[in-house]
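Participant: The listed protein sequences correspond, in order, to chains A and B.
Residues in the first sequence are numbered from 1 upward in steps of one, following the working numbering.
Residues in the second sequence are numbered from 1 upward in steps of one, following the working numbering.
A few of these clues could be false.
[What the hints assert, rightly or not] Lysine-lysine pairs mimicking PhoX-like chemistry, simulated, CA-CA at most 20 Å apart: (1) A:Lys92 <-> B:Lys280; (2) B:Lys246 <-> A:Lys92; (3) A:Lys40 <-> A:Lys57.
[Said to hold, decoys possible] Okay, the calculated beta carbon distance ranges per label pair: (4) A:Gly53 <-> B:Ala241: 30 to 40 Å; (5) A:Gly71 <-> B:Met149: 47 to 57 Å; (6) A:Asp191 <-> B:Phe91: 23 to 33 Å; (7) B:Ala249 <-> A:Cys33: 43 to 53 Å; (8) A:Asp191 <-> B:Ala266: 27 to 37 Å; (9) B:Glu256 <-> A:Gly53: 46 to 56 Å; (10) B:Ala249 <-> A:Arg72: 24 to 34 Å; (11) B:Ile321 <-> A:Lys156: 22 to 32 Å; (12) B:Gln36 <-> A:Arg234: 40 to 50 Å; (13) B:Lys280 <-> A:Ala154: 47 to 57 Å; (14) A:Arg72 <-> B:Glu53: 50 to 60 Å; (15) A:Arg234 <-> B:Asp126: 23 to 33 Å; (16) A:Lys155 <-> B:Glu323: 23 to 33 Å; (17) B:Glu256 <-> A:Leu26: 51 to 61 Å.
If you are wondering where the hints come from, they were derived from the structure by calculation, not from laboratory data.
Using N, Cα and C, we set each Cβ at its ideal position, and we do this for glycine too.
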Amino acid sequence: MAWFRRKRNITDETPPTDRKVRTEGLFVKCPACGTTHFKKDLEANLNVCSNCGHHLKWPTRQRLAHLFDEGRYETFDDNIVSTDILGFFDTKSYADRIAQARQSTGFNDAIVCAEGRLGGRPIIGCVMVMEFIGGSMGSVVGEKVTRAIERAIAKKRPLIIVSASGGARMMEGTYSLMQLAKICGALARLDAARIPYISVLTDPTTGGVTASFAMLGDINIAEPGALIGFAGPRVIEQTIRQKLPPGFQRSEFLLAHGMLDAVVDRRQMRKFLIDALDFMAR
Amino acid sequence: MEKATQIKLLEAQLAQLASAPHTPAQDEEIMRLQAQVRRLQQAILGEANDTPEMTPMDRVKLARHPDRPYALDFIYALFTDFHELHGDRRFADDPAIVCGFARFEGEPVFIVGQQKANYKQRKMEDRKYRNFGMPKPEGYRKAIRLMQMAAKFRRPIISFIDTPGAYPGIEAEERGQGEAIARNIIEMMRLASPTIGVIIGEGGSGGALAVGACDRMLMLENTIYSVISPEGCASILWRDASKADKAAAAMKITPEPLRAAGIIDAIIPEPGEGAHTDHKAAAEAVRPYLVKYLTELSTLSPEKLIEQRYTRYCRLGAFVIEEPQSLSQ
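Next comes chain A alone, as it looks inside the complex (with noise of 0.2 Å):
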């Protein structure tokens, strides 16, 4: 007889595939150098790698909280939707793929517009949403822009837009390249009323936005690494038949050749708008 009876029944009735520690949703891999972060940590250098400096993605709504005052701040033109005007189906039905995208991101379409303080002075901000339909620009975003122009024009208060954008929404058809035509002519107004707009672009802004607003500031700032381009990268590839070069068309490109004023780390882009918006507002 054995000394020690083996005792049966003694652990737990976990299944094996349960019996561990839960980390998923703790800890975030830096994409960039592989440093793991507590992801508390992470989101108090507001989602930049301690270790290599790299810019992850962040979630519209902190970046939000982030730019204005104590975070606070009131959106506006929120009831303003897309319809499905061309009767567009691809995979899904366009009507169908609104629906989703407002469920799955809590907001109406790609763009957040919203008033506020930023360094205690008054201003108008829009935060692009890259999850809603790739951040996309079709007649909402064209005309949530436009209004949020005007109304920087009416109560002259400076103008911050944080773009981030796959190009114009395909599913709109003619329509969302119109929107551009419509920015522009309400970004012609700005400019004419003096007052200040400040384009901050992100990873990435490309297409239809590159091609309008986003290169039209009187300052255009971007964060570090972000893809910056009209054409993807994908049919410049097309076109000229070979790989492109590391680096192309990141920020840091788009600086040395002339095409950004500059290139501000998120954990100093509050100072720089702010002094900014001193330099240039009454």
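With chain A fixed as given, assemble chain B onto it according to the hints.
Facilitator: Frame of chain A, contents of chain B only:
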């Protein structure tokens, strides 16, 4: 054939009208008759071939037809004393865009045109020289520099649009293709003289709008105006560029729906089976429209022009306002 005789009668009327000096009322009449002729011709063609209506992709193919009249074909047919002006004063001269001053019906005008090959020469090297009508930033910068010059002297600007799109290449990106297009659009929105855009082939997205943010927009019958090429759209949505015909239909890029949407103002009928069959007649078909819109716009002050231009683009959008207004954060 009853229809054929009808056409003969109408054409005789047209010839009579064309020989007389232009008046606005007369131009309206010419346009009305032309449209009537066109309808009859199409009815005959339809009966003969028993072909159903052209699909949007057929229109795309006609818009890209290698024998289509290009900007310079229209320019030399419609204007006199054309003198080309070159260069953006920053980097280079872009042959994909031609600019210059000329006379239209005796009056000085400024012309911008996107050009896909050399004038009356369409070999591969002629197309390459013009970069297949795909402008680079220096092309757009030349165009806006000269349009601003024209506006300074209050001369009307006529823009012939025909591009697959702005050139997507490394050097174009390095020199700020996006900024060049954006800058052109904002500056066009505040030009102090009348602007008329005529899409004569492909109206390829931002590359077209950069010389096409105009007071009035016209399209020839077999042309397209699109936010992305049908192939580009298909390869993104279905990962299959061969579904371009589906994309072309879905995006509604042909003149008729765009006219209905108010994005363009008029559709110019093409001769015969398309503009490629008769360059001269295609250009002449544009003439009464230019006369009409130039006359219409010439009465407006610069301030009024700019205001109306802004209002024109402001009303282009498809959205609804939901009730009740959602609460703020």
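Participant: Would you mind marking each hint as holding or not holding in the structure?
Facilitator: Going down the list of hints, with the structure as the test:
no., hint, result
1, A:Lys92 <-> B:Lys280, "violated, 45 Å"
2, B:Lys246 <-> A:Lys92, "holds, 14 Å"
3, A:Lys40 <-> A:Lys57, "holds, 15 Å"
4, A:Gly53 <-> B:Ala241: 30 to 40 Å, "holds, 39 Å"
5, A:Gly71 <-> B:Met149: 47 to 57 Å, "holds, 49 Å"
6, A:Asp191 <-> B:Phe91: 23 to 33 Å, "holds, 25 Å"
7, B:Ala249 <-> A:Cys33: 43 to 53 Å, "holds, 47 Å"
8, A:Asp191 <-> B:Ala266: 27 to 37 Å, "holds, 31 Å"
9, B:Glu256 <-> A:Gly53: 46 to 56 Å, "holds, 53 Å"
10, B:Ala249 <-> A:Arg72: 24 to 34 Å, "violated, 48 Å"
11, B:Ile321 <-> A:Lys156: 22 to 32 Å, "holds, 25 Å"
12, B:Gln36 <-> A:Arg234: 40 to 50 Å, "holds, 47 Å"
13, B:Lys280 <-> A:Ala154: 47 to 57 Å, "holds, 52 Å"
14, A:Arg72 <-> B:Glu53: 50 to 60 Å, "holds, 57 Å"
15, A:Arg234 <-> B:Asp126: 23 to 33 Å, "holds, 29 Å"
16, A:Lys155 <-> B:Glu323: 23 to 33 Å, "holds, 24 Å"
17, B:Glu256 <-> A:Leu26: 51 to 61 Å, "holds, 57 Å"
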